[in-house]
Structures are given as structure tokens and as C-alpha cells.
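Engineer: If you want the building blocks of each chain, they are given just below.
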Amino acid sequence: MNGRYNFNWPGWASFVFLLLLWELGARVAPGYRLYLPPISSVIGALGQLIISGAVGRHLLATLERFLAGYLIAAAIGVTLGILLGYFQPLHNLLGILIELLRPMPSVAIIPVAILTLGIGDSMIVAVTVYAGVWSILINTIDGVRHIESTLVDTGRTFGLSRSRILWQIILPGASPYIVTGLRIALSIALILVTTAEMIAGGKGMGFYILDEERSMNSANMYAGIVIVAALGYTLNRLFLALEGRVMKWRHGMMAREMA
Amino acid sequence: MRAQKISGLLFLVGLMLAWESASRADLMNPLIVPHLSRILGIFWDMLWSGAIPMQILLSMKRAAMGYLLAAVVFIPLGIVMGLSQGTYRALEVIVEMLRPVPPPVVIPVALLFFGLEDEMKVFVIFFSCAWPILLNTIDGVRNIDWVLLNTAKTFCLSRSQTIWRIILPAASPQIITGLRVSLPIMLILVVISEMVGSTDGIGYFILDAQRRFKVAQMYAGMFALAILGYALNQVFNLLHRRLLSWHWGMMKRDLE
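Just so you know, the sequences run in chain order U and Z.
Using the working numbering, you'd call the opening residue of the first sequence number 1131 and step up by one each time.
Using the working numbering, you'd call the opening residue of the second sequence number 3 and step up by one each time.
The following block holds chain Z by itself, in its conformation from the complex (with noise of 0.2 Å):
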């Protein structure tokens, strides 16, 4: 394992060191590709002097408000219609008409809506974040075990207590699945968003960098949004094992 990361860890240090000569000795334009010490060196002066986390920070707030609407709204619309046959049923054609629009089409209308602001973004971000999130509750709660279900009747558990204590625990692993795969989406959206209406935020920052022609300025930005998109998936993972430890455990001893 360790001598495998090796091998790759030289080609990435090979390929920077070639990056920065090729760029010394002027075989690349460097109006497009900018010697990549002077890139870091920029990502580094815009790191302490906080441009670039203050971005970030505002893209993050946006990105967070439009995920945890998303979350807040359709994992209990979706338990709801994973447990009644009738409504999924009432809502199957609408929910189906609206998941084929890819979702950057919807910011013209948030857009319009909205203007340039912050509501705008975090539109975008809860409709392009509803159909995981929805679809997967829905077939988390569908999965669960009717034994489970009935036992708690057998109980006379009250409804709220029968969602809190059986459903949502059931179907959390699935439930946890979509707001993962919401995640990157998440990302995405707040980005092209930025980009198509906004005056700040990381996205306007990389495209108003290349558009400025400040290309160092650009690859900062990129830099930064890769590091932002490697840490919450760090993030997420940690949490997921965190809140399901229980979920593996019992995996565990089923198999035992």
C-alpha cells in the first residue's frame, strides 16, 4: 500500500516539477498556463489575506441553505410517500415531469425570480438537491422490514413515535445515501449559479478571474474549490460513519 502511494506521489511532484520548468523555459503561453509556483504563491497571499475564504464562506452559506431546505423538506415529504401508496401515487407525475430538467435550466427562473440574489442560489440548490434526496427516503422507507412495522403496532407505539424510533432509523441508511449524492451536486449548482448570476462567491471569482485575464487568480480559485470539494466529502464520510455506527454494528452481528 505504502509503496504504491510512492509511485504516484513522485508522478504528481514529476509533473509539477515539469509544469514549472516547461513554463521557465516559455514552451507554454503563459497567459494561459502561469508558472505554477507563482500560482501557489497566490493561492497562498489570497489564503491569509482572506479573499479567498471569505468567497468560499459566501458560496458555503448559499450551497448550505438551498442543501438543508432541500433536506428539511423532501426527507418528510419522501417518508411520507414511501409509507401512503395514494400520495405517492398523486404526486408520481409531478415529481416525474420536473426530474428530467437538468438543473441549471432552472436558473433562468430563479433568475427571474430572485435577481442576483442570495435566494437565487439556494433555489437552484433545493430543486437540483430533491430528487436524491426524495427518491432515495422514498425507497428507504419502502425497503423496511414490515416486521418492524407491525411489531411496533403490537406495541401501540403512537404514529410520531413509530416515525421516529422505526422509520427514520430504518431508512436513515438510504436517506443518508441521497443527501450524499446531493453533495456534489450541491457543489456544482452553487458554482454554476455564481457564474451565470452573481457578483461574488467562488464561481464569479474563477470566471471574473479568467474573464479579467488574471489567470494565476483562477487556478487559485480552482485550487481552493478542489480542496473545498475533498474536504466536505471527508466531512460527510465522517459524519456518516459517526451516525450509522450503530447500523454497521447490527450489520456486523447479523453476519456473525
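Okay, chain U solo, but in the shape it has when bound (with noise of 0.2 Å):
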């Protein structure tokens, strides 16, 4: 992290050193190739892929999903959770209930998406919505219970309209809150979609992957799973950059306040 200026030589040269390591146990052990072929025909594969555009298909299908999940996941997280956190009856009513199926890990959900919605993006989407809420969900009730009193009552005492006091006072305030929900969804939110590609979908990079592995294409599936550790990593990027620009405004509050 330290910027480009400080390239990490041993780091690179021990990740080459590594795929080196494969290539050549792939060649000397040619019984294996099947597990673990060699390292120069999976990027093969992958250049292969990406130049026919095979896997733009199941690409798009996956990224799809997951930003419709993933909105969808956070407009409802974010309202369900400013509203939970500011109307304390509210919390009171649902707060056992929040408390009894959070724990339960979310693909489990999925049997009853299959049984509800049938195999397709709208199971996918139901999936990945249900297991991205809780994150945001509880972060974002956390947020709002955190702002200070003073903050919604100096509001109030100047007349704001609620409207203004939740978009000029409660959002802001609890943002940071809001965005570490936001993060944590994010990673979640892409095992549920290639999860449930895998158990049901035509398409997508998770049904692409495993279907690789049956038909024991393993160069394939290797240069699928490259396809989606990348797209994690861009996601992952795009959202840090977002949250740079968004959350600017704090952390020059923040520098002022310990100037």
C-alpha cells in the first residue's frame, strides 16, 4: 500500500516463483494434469476465453445478479435500519425476530428460493438480497443509534423538516456505519450469487465453473475462477474509490477536528 513507487520485488517474484513451481510440476507429473495442469495452458485457456467472449455470457449473468442483489440489498437495509434505529418501538417489535434469523446462515435460504421462486435470476437476485440485508441492516441501526442526541435536537430547534433532519443530519451521521455494512455485504453478496448459480442456474460464472470441473476441463475452471477473483477484486476496488469520494467530507472533518 505503499503507492507504485514502491514496487514489492520479493512479492512478485515469489508469486512468478510459485506459478513457475506449478508449471513444472504439471510437466514432470503428466498423470496429474487433470488436477493441476499446467499453469501456461490455464492462461491459454483464460486468453482463449476472453478473446472468443465464451464466458461474456455467463460474465455478465453473474455481474447482473449481483448488482441487482446488492441494490436492492442496501436501499432496504439502509431505510429498514434508519427506521429501526430511530423509532425505538419499532426496534422493540422487530428486534427478536431480526435477533432469531440472523444467525442462521443465509444459504440456507436457498431451498426455500428454489421453492418459491424457481431456478432463475429472480431466485438468484431474492437470494443474494436476503443475505446482503443483515450486514447494512445492522450496521446501519448501529449508525443511527450513535449519532449524537444533540445533533437531531439542534436540527429540530431550527425548525428542520424530518425530511431535512434525515438527509442533512441522520444519513451523514451515520455513514461511516453505513458504509462498513455496505463492505461487508459486498463480499457476501458475491459467494451467495455464484453459490446459487452453482446449486441452480444455466448460466453464470458459478454454474460455469463447476460445470467445467464435471466435464473435467480443469484448465477451464481454473480460468474461470481468475475471471472471478478479478471481478472481486475490481468490485471490491470500485467500492473503496466510491467510498473515498462519498465519505471525503468526513475525513476532512475529521483532520480539522485534531488540527
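Note that these hints are calculated values from the structure, not bench results.
All of these numbers come straight from a predicted model, not from anything done at the bench.
Among the hints, erroneous ones may be present.
What the hints assert, rightly or not - Among chain U residues calculated to face chain Z with C-beta under 7 Å, some are:
id, residue
1, Trp1142
2, Tyr1165
3, Ala1238
4, Leu1245
5, Thr1325
6, Leu1340
We treat Cβ as the ideally placed atom computed from N, Cα and C, and that holds for glycine.
Fit chain to chain and form the complex, with the hints in mind.
Structural biologist: Here you go:
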């Protein structure tokens, strides 16, 4: 993280060394080709997949489902979180229900979703929404509760309307927590999309990777994993960049307080 | 506090009654949402017949093996990487390359190597629990007060003594955070890997029940999983408080 001027030579050297070891091992013991094809053939498969665009359909499907699920989860989680954080009676009512549902591993909802929605996009999106909501919801509730009540009271004193209190005090005040919840939900949503695609899906990266394994095309399988990892990495980077943008005011404020 | 809980409990009971009466009045498709009483009855039966405890035991065996293996490998590695900048730099790229891989995607690789055996699930859990444990341990070791390490040097503590008596205790709050974060990950991945490639275990049980349209069994299995998740969390919290009681005691003393 020291910037691009400080290139990590030993790190890349050991990474390349590992790849060479892999290549060498696969060539020395061709009997294990099925399990560990030479890295050169994985890279070849990756290049071919990208050039031919064979994987584009799957990647696009995964991305669409992910975005739909994640954005809906964010909308529900933040809205419900603000309501529950702000109105204590509502929290009293739903708190126990949340505590009961949350510890269940979210993937266990997949069979229910298949039952009600069949196998298709809507099932995968629904499952992603369910899994993503929890961390956003809990963090938003926490965030709203941690806002200093003097801030809200000051807003009231100045005669701010409810919606202005919401947009100008509560949402910014809770935003650091909300962002944390959104970041956790990002990786959870990706886990759920790929899982749901493996269990029930005719396309998508999860389906593709498992399918290639079943048809013993292990080079394509590894290439698919590289693509999903790149997707995960890109989404994470994108999130951090957006976070830096959106939360800039806060870092500015913190710096001023310190000074 | 009491009164707050009561309204929530009443709401929950109301919800359950509404479910029961709606399904009795045929307002809901029994193939999708069976009677709540039936689900609970089946759960009760399967609890005492041993069907559910057996599936859970199978899953937990796999989960525990993967989790403990990850702890045994990645806590020491994290300590080494936290102490030696050279090792950290040498392994950083590999870790950063592997970390963004969504864990379920590793299942096909594990299937290739291990088939449907237990090792498949153990490997998947090992892989997915690795990163929170490793990164938290590194952070914990790095944040150790240098005065502590220098004091250890002054008192001529051996290397192993320094690790066992100074570094491990000082980094333990963060190591435990890593272990706690990976606990739900462990549970999710044992369920996923059993859904994708297994012939038993609670994950397989739930998906299989759905495929055979034994819907009440499916819900009973989910109910069991929820209880399991809750219980795991509670047990961990209890251990956490026990293990780190010295830490909190010290923090309190510092504050005073």
C-alpha cells in the first residue's frame, strides 16, 4: 500500500516462482494433469475465453444478478435500518425476530427460494438480497443510534423538517457505519450469487466453473476462477474508490478536529 | 429492558399464530409454506429420533476440522508475517491474489482433488477461514507495543519464550477477532459445500428435502441450522470472555 513507487519485488518474485513451480510440477507429473494442468495452459484457456467471448455471457449474468441483489439489499437495509434505529418502539417489535433470523447461515434460504421462485434470475437475486441485507441493516441501526442526540435536537431547534433532518443529519451521521455494512455485504453478496449459480443456474460464473469441473476441463475451470477473482477484486476496488469520494467530507472534518 | 422484550415476544407469537391460522385457512400453498405446528412437530420428532443431531454432527466434524486446521496454519504464519517484514513482503502478493477469490468458487477445485469426501469440505473451509485469521493475526502482532518486546530483550527472554509469553498474549485480542469473524464463514461454507457436493450433512439434508418436496423437513433443517448458528456464537462469546478476562481486567485498570 506504499503507492506505485514502491514496487514489491520479493512479493512478485515469490508469486512468479510459485507459478513456475506449478508449471514444472504439472510437466514432471503429467498424470496429475487433470487436477493441476500446467499454468501455461490455464493462461492459454483464459486468453481464449476472453478473446472468443465465450465467458462473457456468464460473467454478465453474474454481474447483473450481483448488482441487482446488492443494490436492492442496500436500499432495504439502509431504509429499514434508519427506521429501526430511529423509532425505538419499532425496534422493540422487530428486534427479537432479527436476532432469531440472523444466526442462520444465509445460504440455507436457497432451497426456500427455489421452492417459491423456481430456478432463475429472480431466485438468485432474492437470495442475494436476503443475505446482503443483514450486515447493512445491523450496521445502519448501530450508526443511527450512535448519532449524538444533540445533533438531532439542534436540527429540531432550528425548525428543520423531518426529511431535512433525515437527509442532512441522520444519513451523514450514520454513514460511516452504513459504509462498513455495505462493504461486508459486498463479499457476502458475491458468495451468494456464485453459490446459487452452482446449485441452480443455467448460466453465470458459478455455474460455468462447476460445469467445467464436471466435464473435466480443469484448465477452463481455473481460468474461470481467475475471472471471478478479478471480478471480486475490481468490485472491491470500485467500492473503496467510491467510498473515498463519498466520505471525503468526513475525512476533512476529522482532520480539522485533530488540528 | 423487560418491557421492550415483551412487545417483541408478543409480536413474534402473533406472527406465528398468523402463520398457523393462515395456513390452516388454506391461504398459503401448503407445498411452499406448511403449517408451523407441523414443522415444529417434525423438528421435534427428528430431534429425538437422532436424524437431525446426526446430520449436524457430521457437518460440525467437517467444519471443526477445516476451522482448526486454518487456525493451526495461519496463526503461526500470521505471527511470522507480522514480525518479519521480509516474509510479509514475500508473501503479500500471493495473499492478495488469493484473497479476492469468492470461497464457493473453490468448491469445484476441491471436488476435483477430493471428490465428495470429507476432505473436500475441510479444504474449502480451511481456505475461506484463512484470510480473516491471517490478516487479523498480522495486524495484532504489528500493533504490539515495542516497549514490551524491548523489555523481553532486556530480560534476555529466548525467542520461544518471547513468542509464547509476550507476542501471543499481546496479539490475542485481535487473533480472537479473526477467529470470531471466520466462525459464520465456516458455517456458511460447510452448508454450501454440502449442498454442492455431498451425500449427507445438514446442508445436503435441507436441499435434498426441498428436491423431494418434503417441505416441512426442509424448514425443520433450517430451524436446526439457526439454533446451531446461535449456539456457536454464544459458546464462542463465553470462551472469549473466559480467555480474555485478563485483558479486560487490564484495560479496566488502565482506565482507572
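Engineer: Hints first: check each against the structure and report whether it holds.
Structural biologist: Evaluated hints:
Residue-level restraint check for Trp1142 (chain U) holds (minimum Cβ-Cβ distance to chain Z is 5 Å; threshold 7 Å). Hint status for Tyr1165 (chain U): holds, given a least beta-carbon distance of 6 Å to chain Z, under 7 Å. Interface hint status for Ala1238 (chain U): upheld, as the beta-carbon distance to the closest one in chain Z is roughly 5 Å, under 7 Å. Taking 7 Å as the C-beta cut-off, the interface hint given for Leu1245 (chain U) holds, the closest approach to chain Z being about 6 Å.
For Thr1325 (chain U), the interface hint holds, since its Cβ comes within 7 Å of a Cβ in chain Z; the closest pair sits about 4 Å apart. Interface restraint check: Leu1340 (chain U) against chain Z, minimum CB-CB distance 5 Å, threshold 7 Å, status holds.
When held up to the earlier numbered hints, the structure conflicts with none and fits them all.
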